[in-house]
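Protein chains: 2
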Amino acid sequence: MKIGIYGYGNLGRGVEDAIMRNKDMSLVAVFTRRDPATLKIASENVPVVSTNDILKWKNDIDVLIICGGSATDLPEMTPALAENFNVVDSYDNHSQISVHCKNVDEKALKGKTTALISCGWDPGMFSLNRLYANAVLPDGSDYTFWGKGVSQGHSDAIRRIEGVIDARQYTVPVEEAMDKVRSGLSPAFTARDKHKRECFVVAEEGADKEKIRQAIVTMPAYFEPYDTTVTFITMDEMKKYHSERPHGGSVIRTGKTGKEGCHSHVIEYKLTLDSNPEFTGSVLTAFARAVYRMAQRGDYGCKCVFDVAPADLSETPRSELIAHLL
Amino acid sequence: MKIGIYGYGNLGRGVEDAIMRNKDMSLVAVFTRRDPATLKIASENVPVVSTNDILKWKNDIDVLIICGGSATDLPEMTPALAENFNVVDSYDNHSQISVHCKNVDEKALKGKTTALISCGWDPGMFSLNRLYANAVLPDGSDYTFWGKGVSQGHSDAIRRIEGVIDARQYTVPVEEAMDKVRSGLSPAFTARDKHKRECFVVAEEGADKEKIRQAIVTMPAYFEPYDTTVTFITMDEMKKYHSERPHGGSVIRTGKTGKEGCHSHVIEYKLTLDSNPEFTGSVLTAFARAVYRMAQRGDYGCKCVFDVAPADLSETPRSELIAHLL
Chain A
1 MKIGIYGYGN LGRGVEDAIM RNKDMSLVAV FTRRDPATLK IASENVPVVS TNDILKWKND
61 IDVLIICGGS ATDLPEMTPA LAENFNVVDS YDNHSQISVH CKNVDEKALK GKTTALISCG
121 WDPGMFSLNR LYANAVLPDG SDYTFWGKGV SQGHSDAIRR IEGVIDARQY TVPVEEAMDK
181 VRSGLSPAFT ARDKHKRECF VVAEEGADKE KIRQAIVTMP AYFEPYDTTV TFITMDEMKK
241 YHSERPHGGS VIRTGKTGKE GCHSHVIEYK LTLDSNPEFT GSVLTAFARA VYRMAQRGDY
301 GCKCVFDVAP ADLSETPRSE LIAHLL
Chain B
1 MKIGIYGYGN LGRGVEDAIM RNKDMSLVAV FTRRDPATLK IASENVPVVS TNDILKWKND
61 IDVLIICGGS ATDLPEMTPA LAENFNVVDS YDNHSQISVH CKNVDEKALK GKTTALISCG
121 WDPGMFSLNR LYANAVLPDG SDYTFWGKGV SQGHSDAIRR IEGVIDARQY TVPVEEAMDK
181 VRSGLSPAFT ARDKHKRECF VVAEEGADKE KIRQAIVTMP AYFEPYDTTV TFITMDEMKK
241 YHSERPHGGS VIRTGKTGKE GCHSHVIEYK LTLDSNPEFT GSVLTAFARA VYRMAQRGDY
301 GCKCVFDVAP ADLSETPRSE LIAHLL
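Those protein sequence lines, which keep their order, are chains A and B. Counting from 1, one number per residue, gives the positions in the first sequence under the working numbering. Counting from 1, one number per residue, gives the positions in the second sequence under the working numbering.
One or more of the hints may lead you astray.
Any copy, or any two copies together, can satisfy a pair, since identical chains are not distinguished.
In silico PhoX-like links for lysine-lysine, alpha-carbon gap of 25 angstroms or less [said to hold, decoys possible]:
1) LYS148 <-> LYS107
2) LYS23 <-> LYS259
3) LYS180 <-> LYS148
4) LYS196 <-> LYS112
5) LYS270 <-> LYS2
6) LYS239 <-> LYS259
Keep in mind the hints are simulated off the structure, nothing from the lab.
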């Protein structure tokens, strides 16, 4: 399976690492909007190519993994590329997924390609677990807890405040809330009940730290609905203690069965990730395998993780999966 | 969707409960090998029919959920019924699944039906999570912990000992072993490291309890490889404290990504079930929906949970799943 990576940031590097760990795949090229000569990638003997030349690679790539941002890149990139390539993206703007799917579907059907969108862990593995748990326990309640982990969006929001040089925001689930759900109860929560926000901020010299703190904790939607702590640190501390990108969380469903719902059940799917971009890259890569197989069967159009039969994700032949993993 | 239940023990009752919770399904008949007149079922206005008359119902049932035992019932029942019905079973003899699949496939292809085998939570939901986690993290280790829960097979093994009237065996995971895995390590375990066995036994009056205890703890394969405790109780205590069928467990995969595997990831899928047969019945029922849809598309033959696209499990239309659950 010949894979291309389109975009080489943290996620692109995560995909590259994952491809090396999958023996049935090889990375054939990395595409970049930057000057290819300036980009050093981890793989040896793999060309770095300008995105302007992508169409020359149409017959040499089985699946293109698009590693752009959801805000502005993917809504343009994925439909455009799906006309000529089988693709996978990690579009994560939940409220716009239906629109994105429609745009991608049109181009993929036109180009006879298979295009899987919104892959990763949320949306992605968490979505799958919400679906399975809902199908199995129709009478129940869903809970998603995120963290402890770095939220890029919240970190960016702090960086836009005057006087801030750098910032890192950790989303932290409230353990007491998780324990309540795990005990089989179906409590109603406010946003504040479920998550805390911990912010680490490097301020400009002489900046009014109390003013920055106030600007953070009162920021609507981002911080105001949560208990938020702000800790000022030096740039050295930021680099030393906050350079990793851990994340994770839990999808939990509690449900009832039996006479008058006398029996409770708890289904929990929990991720504890040292590196968010590397894990996300690993998920995209596994689904690239399925996309390749679906395209070979002529199953074209826009797909999501809900459309993929799990056997298509594995390097192992189906007969061996049935014999050894079932 | 018109569902039939074939066999009305604990599992059959669990399926019946699940059907009532799925609005797009109705139970049309329960089939029994007993005298139908002697069987009282929970559903009102649903006929109880002798298994001898099953073929008369060929055109009135969309999917038949087979609730027999894996030891002797299902190897015969599932292939025979698959020739005339779309079916789901919970065959759980892991070492013989490939043989069972082959036998069922032959009959299902002949009869143009869809037959899903080995559904439930293990095999079933646990298998799915093993597959997803292996596909996403190819460099890693798998761990399955069962319990705390009642093992029917181990309880039966105790009941066969002379002087035993009744017995209940709980499989208990060793918390320290689970914590070690959850911390991201990939330890090697013996059977004893991972699980303990707790036995509650009602002995005949005057029986040699120490002899019974010895017979249990030295029993090869079943108890000898584990730390096993034996507690003698009265029949009243058995009925009062051990009449429920709780179970559960965790499938955990730890894996590495990044330069020289510098980042660890832990994926855990955990079930905490008040009622094993009711939860298993709920899984069978969700997959019956997928079987119906696959049969309508002409996707015939023997299937397992690995072959089912998750969207097919849900009552909710795909467009709504994409808009709201992805």
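To see whether the hints hold, each was checked on the structure:
1. Taking CA atoms no more than 25 angstroms apart as the test, LYS148 paired with LYS107 passes in neither setting, with 38 angstroms inside one copy and 51 angstroms between copies.
2. In this homomeric assembly, LYS23 and LYS259 come within 25 angstroms of each other (Cα to Cα) only across copies, at 17 angstroms, whereas the closest approach inside a single copy is 50 angstroms.
3. Proximity of LYS180 to LYS148 under the C-alpha cut-off of 25 angstroms is found in both arrangements, the shortest distances being 18 angstroms within a copy and 19 angstroms between copies.
4. For the homomeric pair LYS196 and LYS112, neither the shortest alpha-carbon distance inside one copy (46 angstroms) nor that between copies (55 angstroms) is at most 25 angstroms.
5. Taking the shortest alpha-carbon separations for LYS270 and LYS2, neither the intra-copy value of 32 angstroms nor the inter-copy value of 36 angstroms comes in at or below 25 angstroms.
6. With identical chains, the CA atoms of LYS239 and LYS259 are at most 25 angstroms apart between copies only, with a shortest distance of 19 angstroms across copies and 57 angstroms within one.
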